[in-house]
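Asker: Protein chains in written order, with my numbering: chain A, 1 to 452; chain B, 1 to 452.
Incorrect hints may have been included.
[What the hints assert, rightly or not] When the alpha-carbon atoms are kept at most 30 Å apart in a straight line, the in silico DSBU-like pairs for lysine-lysine are as follows:
#1 A:Lys15 / B:Lys158
#2 B:Lys158 / A:Lys271
#3 B:Lys19 / A:Lys401
#4 A:Lys265 / A:Lys307
#5 A:Lys401 / B:Lys76
#6 A:Lys265 / B:Lys253
#7 B:Lys11 / A:Lys253
#8 B:Lys29 / A:Lys155
#9 A:Lys151 / B:Lys11
#10 A:Lys401 / B:Lys62
#11 A:Lys265 / B:Lys151
#12 B:Lys104 / A:Lys155
#13 B:Lys104 / A:Lys401
#14 A:Lys253 / B:Lys76
#15 A:Lys92 / A:Lys151
#16 B:Lys304 / B:Lys322
#17 A:Lys155 / B:Lys271
#18 B:Lys158 / A:Lys92
#19 A:Lys104 / B:Lys158
#20 A:Lys158 / B:Lys324
#21 B:Lys307 / B:Lys324
#22 B:Lys158 / A:Lys158
#23 A:Lys151 / B:Lys253
#24 B:Lys19 / A:Lys158
[What the hints assert, rightly or not] Under 10 Å between C-beta atoms, here's a sample of chain A residues computed to sit facing chain B:
#25 Trp26
#26 Glu122
#27 Leu126
#28 Arg130
#29 Ala139
#30 Glu415
#31 Arg435
Hints in this document: simulated from the structure, not taken from any laboratory. Please read all numbers here as calculations on a predicted model, not as lab measurements. The beta carbon of each residue, even a glycine, is placed where N, CA and C say it ideally should be.
Number of protein chains: 2
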Amino acid sequence: MATHAQRTLSKETPKLIGKEIVLKGWVHKRRDHGKLIFLDVIDRSAVIQVVVNPKVSEESYKIAAELRPQYVVEVKGVVKKRPEGTVNPDEKTGGIEIEAKELKILQKSESLPFDIELSDLELPTLLDNRSLTLRSAKARAIFSVQAAVLKGFRKAAKDLGATEIVVPTIVSGATEGGAELFSVEYYEHKAFLSQSPQLYKQIMVSVFERVLTISHAYRAEPSVTTRHLSETTQMDMEIGFVDFSEILDIFEKVAVSMLTYAQEKCEGEFKEFGFEKTSFGDIPRLTLRQAQEIIKKEFGRDTKEDKDLTPQDEIDICKWGKEKHGSDLVTITHFPTVAKPFYTMPDPGDSGYSLSYDMLFRGVEIMSGSIRITEYEQLVKSIKDRGMNPLDFGMYLMAFKYGMPPEGGFSFGLERVTMKLLGLQNIREASLFPRDMERIDERFSKKTSAKG
Amino acid sequence: MATHAQRTLSKETPKLIGKEIVLKGWVHKRRDHGKLIFLDVIDRSAVIQVVVNPKVSEESYKIAAELRPQYVVEVKGVVKKRPEGTVNPDEKTGGIEIEAKELKILQKSESLPFDIELSDLELPTLLDNRSLTLRSAKARAIFSVQAAVLKGFRKAAKDLGATEIVVPTIVSGATEGGAELFSVEYYEHKAFLSQSPQLYKQIMVSVFERVLTISHAYRAEPSVTTRHLSETTQMDMEIGFVDFSEILDIFEKVAVSMLTYAQEKCEGEFKEFGFEKTSFGDIPRLTLRQAQEIIKKEFGRDTKEDKDLTPQDEIDICKWGKEKHGSDLVTITHFPTVAKPFYTMPDPGDSGYSLSYDMLFRGVEIMSGSIRITEYEQLVKSIKDRGMNPLDFGMYLMAFKYGMPPEGGFSFGLERVTMKLLGLQNIREASLFPRDMERIDERFSKKTSAKG
Numbered sequence: 001m002a003t004h005a006q007r008t009l010s011k012e013t014p015k016l017i018g019k020e021i022v023l024k025g026w027v028h029k030r031r032d033h034g035k036l037i038f039l040d041v042i043d044r045s046a047v048i049q050v051v052v053n054p055k056v057s058e059e060s061y062k063i064a065a066e067l068r069p070q071y072v073v074e075v076k077g078v079v080k081k082r083p084e085g086t087v088n089p090d091e092k093t094g095g096i097e098i099e100a101k102e103l104k105i106l107q108k109s110e111s112l113p114f115d116i117e118l119s120d121l122e123l124p125t126l127l128d129n130r131s132l133t134l135r136s137a138k139a140r141a142i143f144s145v146q147a148a149v150l151k152g153f154r155k156a157a158k159d160l161g162a163t164e165i166v167v168p169t170i171v172s173g174a175t176e177g178g179a180e181l182f183s184v185e186y187y188e189h190k191a192f193l194s195q196s197p198q199l200y201k202q203i204m205v206s207v208f209e210r211v212l213t214i215s216h217a218y219r220a221e222p223s224v225t226t227r228h229l230s231e232t233t234q235m236d237m238e239i240g241f242v243d244f245s246e247i248l249d250i251f252e253k254v255a256v257s258m259l260t261y262a263q264e265k266c267e268g269e270f271k272e273f274g275f276e277k278t279s280f281g282d283i284p285r286l287t288l289r290q291a292q293e294i295i296k297k298e299f300g301r302d303t304k305e306d307k308d309l310t311p312q313d314e315i316d317i318c319k320w321g322k323e324k325h326g327s328d329l330v331t332i333t334h335f336p337t338v339a340k341p342f343y344t345m346p347d348p349g350d351s352g353y354s355l356s357y358d359m360l361f362r363g364v365e366i367m368s369g370s371i372r373i374t375e376y377e378q379l380v381k382s383i384k385d386r387g388m389n390p391l392d393f394g395m396y397l398m399a400f401k402y403g404m405p406p407e408g409g410f411s412f413g414l415e416r417v418t419m420k421l422l423g424l425q426n427i428r429e430a431s432l433f434p435r436d437m438e439r440i441d442e443r444f445s446k447k448t449s450a451k452g
Numbered sequence: 001m002a003t004h005a006q007r008t009l010s011k012e013t014p015k016l017i018g019k020e021i022v023l024k025g026w027v028h029k030r031r032d033h034g035k036l037i038f039l040d041v042i043d044r045s046a047v048i049q050v051v052v053n054p055k056v057s058e059e060s061y062k063i064a065a066e067l068r069p070q071y072v073v074e075v076k077g078v079v080k081k082r083p084e085g086t087v088n089p090d091e092k093t094g095g096i097e098i099e100a101k102e103l104k105i106l107q108k109s110e111s112l113p114f115d116i117e118l119s120d121l122e123l124p125t126l127l128d129n130r131s132l133t134l135r136s137a138k139a140r141a142i143f144s145v146q147a148a149v150l151k152g153f154r155k156a157a158k159d160l161g162a163t164e165i166v167v168p169t170i171v172s173g174a175t176e177g178g179a180e181l182f183s184v185e186y187y188e189h190k191a192f193l194s195q196s197p198q199l200y201k202q203i204m205v206s207v208f209e210r211v212l213t214i215s216h217a218y219r220a221e222p223s224v225t226t227r228h229l230s231e232t233t234q235m236d237m238e239i240g241f242v243d244f245s246e247i248l249d250i251f252e253k254v255a256v257s258m259l260t261y262a263q264e265k266c267e268g269e270f271k272e273f274g275f276e277k278t279s280f281g282d283i284p285r286l287t288l289r290q291a292q293e294i295i296k297k298e299f300g301r302d303t304k305e306d307k308d309l310t311p312q313d314e315i316d317i318c319k320w321g322k323e324k325h326g327s328d329l330v331t332i333t334h335f336p337t338v339a340k341p342f343y344t345m346p347d348p349g350d351s352g353y354s355l356s357y358d359m360l361f362r363g364v365e366i367m368s369g370s371i372r373i374t375e376y377e378q379l380v381k382s383i384k385d386r387g388m389n390p391l392d393f394g395m396y397l398m399a400f401k402y403g404m405p406p407e408g409g410f411s412f413g414l415e416r417v418t419m420k421l422l423g424l425q426n427i428r429e430a431s432l433f434p435r436d437m438e439r440i441d442e443r444f445s446k447k448t449s450a451k452g
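Generate coordinates for the entire structure from the input sequences, incorporating the hints supplied.
Answerer: Structure below.
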């Protein structure tokens, strides 16, 4: 192999004034100023300004004149303080620049079909050109924040004593009883993609008491909305020996801690793109009925026959929560038992309602959960009552034959959390490679015509 | 809801001698000693001894006499030092015991069908009763170690400046060109389960330069071996601006750091079950040809026509590595180009071989990777040479049109790492709910007969 020069990251350069270094990265912008060419070069740590002066290196100047955005380059040069008046205090490397002595092209790039940094690119453009548009500063910010949300969730869960588990996604039946399942040809058998890690994380309560899992969930939703994907990332916890009031405290704490972590970790991204920090205030807790009363009183819609909140209800309740409680988060509890999956514990005082909860964030549900039924016979009955066959739940039910403590859990949707935290208009912007009815990477319609 | 007593975890009790506390957990063992009943109660933190004396609480004694393993209980009692001579220095709580004042059954358990702690339970028994056998001390140890391996990998990757990404598992085609794909009915379209996060993590090098991802990979292997699963967990990194020699250093560092982290974090589990700590020594690096020469010389088998190592070769080379280099890990490089996927970079000096590498651990491959082709035209040609259609790789190829740096990556299999780290005989023991040809939770044969 060719020998490689020891590389310096952009963010390290301010400490190296006067030193000769080697940078590697992508050309972000080129500006020709009379006899000088200025390059913004980007690597994983920061953007940095490179000055190419033909008096310093004529060869480099010739090469620099060829460069276009996304060319991959190696620059040998000297770190210099920027002249007075050209310092940019908003950038990590805003006080220095690199005077190029040698410039090498590591990889050329075709001309970009459009400016990927434009803020008003339409969603189909963003997605049809995903491998390119993900390189924009905004996309980089979105997915840096997403990585921090993931880490923030895991940190919050581990602080609560949870053990991380890995659960399978190929399953033999519906966990939630719904019809929106993708089927898989599994050798000679029919199998499905999991709708949630629910049954497995519950089983694992009897092993580790408190567990967390990051998993993919699949829903064959035959609709195209701004907040549904066919494949999502779920951040789940399941916790033994808790009651309803304890778990409400726990998930609110996890939400605050996860969002706070992401905001602090990505301070720079929030500042650069004006992402609005979350107002935590005093998180209101409403039963579904209380929420419906507020909707009637404050927004004039009678929704009391509904078994769930509609998207508009969620928007309105969050508006109310922000105004009255200074909180971007609202907890809704006690959904009707019939509207919830079989494992949901009915409220012992009023069995038509259940010990279930959702968390809303700026108008969208980002989390769902409940206290679970842990009595074997009651669980079998609940499965039968919903027209399902307990034989299809053999492995799961076994856990309840042998001593399951009172327990509950919850699941945050990573893409929804990311979307609402950053004020994105469509959940597809919060997924690197979103899956929906119309697309797996490329649009189906486009693919057919390209091949046809 | 019922009021709940403030709960103390077992491991906190040694600091609370003389205090009254409330424990919650599972009955692990009951021993009747004349007028006393001793209970081993287990919670997420530790096992603890509870003494039930009818002179202290007759009611508790009656309840204790009913208890069997896996009953879920709540114990109110006083923390006492154990009498001289009964201290168990091997346990966290071995110096104390709880004198029960009140005992409550939170959930009963059926009688266990067999002793789940037996060390010689057969694999079908372990798997047919997974929801129960996962509660054994050994299973708990295995999956505590697995959680630490995951964390150790993420820590090592983050220390290298990688950003965590989430990639989809529903894909439109084969990434590796193999035929072992599970197909999915995706709305009106045919889709597949991903064989690896390969193409997506490569695309993301152009965004974050260094990425890590934990993902599920699916292989429809029509065979049943001790080291294959249909659904596995992969720990991947992909790194821009590296050459062959650098990435060899990087993945060896990641392996050592990940395994060391898990061993240190799970010191107690390693001690309790006599899991053998890894010998790192000086990790040997061999080309496939060199490995084949050693196999011929030391083990008398001529394998030089083979394009890969056989399972026996892997065992033999690891035996050699342990004896000659004191290392449980061996790196093998330069597999034949034709035997590797299209994205693998041929060795510029000898294009019949490639800049690829596997890592072996105690006789089994646990990692695979390569330097990638990053030149657009070369990549298109490599796809065509393997009889595939570049049109099926549109989104992926786009990343290479717009400046991809030299890059490479690798993928560790979580279950294989766990299996070899703990000396397990079968990979199924290293997966909570293993998927293979014969089973999704329950064996297909069993299921059919139960329903028929």
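Asker: What hint numbers does the structure not satisfy?
Answerer: 3, 4, 8, 12, 20, 26 and 27
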